[in-house]
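A.B. asks: I would like the entire structure built from these sequences, with the hints used as guidance.
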Amino acid sequence: DVKVTQSSRYLVKRTGEKVFLECVQDMDHENMFWYRQDPGLGLRLIYFSYDVKMKEKGDIPEGYSVSREKKERFSLILESASTNQTSMYLCASSPIIGQMNTEAFFGQGTRLTVV
Amino acid sequence: TQLLEQSPQFLSIQEGENLTVYCNSSSVFSSLQWYRQEPGEGPVLLVTVVTGGEVKKLKRLTFQFGDARKDSSLHITAAQPGDTGLYLCAGEVKGGGADGLTFGKGTHLIIQP
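Order-wise, the sequence lines are chains A and B. Note that my numbering gives residue 102 to position 102 of the first sequence, counting from 1, and the numbers run on in steps of one. Note that my numbering gives residue 54 to position 54 of the second sequence, counting from 1, and the numbers run on in steps of one.
No wet-lab data here; the hints were simulated from the structure. Treat the hints with caution; some may be incorrect.
[Stated by the list, open to error] List time: in silico DSBU-like cross-link candidates among lysine-lysine, alpha-carbon distance up to 30 Å:
#1 A:K57 with A:K71
#2 B:K56 with A:K55
#3 B:K56 with A:K3
#4 A:K55 with B:K57
#5 A:K55 with B:K59
#6 A:K71 with A:K55
#7 A:K13 with A:K70
#8 A:K13 with A:K55
#9 A:K3 with A:K70
#10 A:K71 with A:K18
#11 B:K56 with B:K70
#12 A:K70 with A:K57
#13 A:K18 with A:K57
#14 A:K55 with A:K3
#15 A:K57 with B:K59
C.D. replies: Structure below.
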C-alpha cells in the first residue's frame, strides 16, 4: 500500500511563528503536492514538486515556501504564520507514467490552527 | 475562476434512493478523477476516466465522462449510509508534466438510514 505520512494530525501555533509541515511518501513517486482545504473553497494547490530540489508555485503560494531535498520528503514552510493560514493542509504524491499524471495519494491531513 | 464546478454542493437523501452529482467545466481535461473524502482523512481515489464518453462502474457507483471531456457525472444506485462523504472531482487541464490536479469544491453527501 502506498503511504503518505504527514508529521502531525493537529497543530496549534502562534501568530508570527515559523511552522514546518512535513510529508513523507514511501512509493518513490516523482510528484508531490501541498494543498489547503477550507470550507466553501475546496482544495487549493499551494506548491508542487516534480523532482528533488524542483518546485513550482500552485494557485496560492503567498506566505508559503517548500523544500524537497530528498525524493520521499516534501516540506511546507510557513515563514511567519498568520491567522488566515488556519486550515487543513493535505500532502499528496503521484507517479508520472509517460507524460500523464496519475492517481494522487493523500496523507491524512494536518489541521493547523494559528492563534 | 473555479475551473471545475460541482453540483449540488450538499445533498441529503434517504437510504435506498438514487442520486447523481455533477462536475462541469468549460475546459477540456486530459483525464478526470473522482475522490471520496471522509471527515478527518485525506481524499481517496475512486476512479479515473480518460476517454470521452467513457463509463466506468464501481459496484453501485457509475461514472461517466462527457463526450467533449469537459464534464463528468457520478451516479449512485440504492445509496447506503456508508456512501456518506465529500465527493471531489479533479482534473488535469494541461497535458504532460506535473501541473497538479485542479479540484472542484466537492459535493457533501449524507445518506440517512
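A.B. asks: Can you give the numbers of the hints that this structure goes against, from lowest to highest?
C.D. replies: 2, 4, 5, 15
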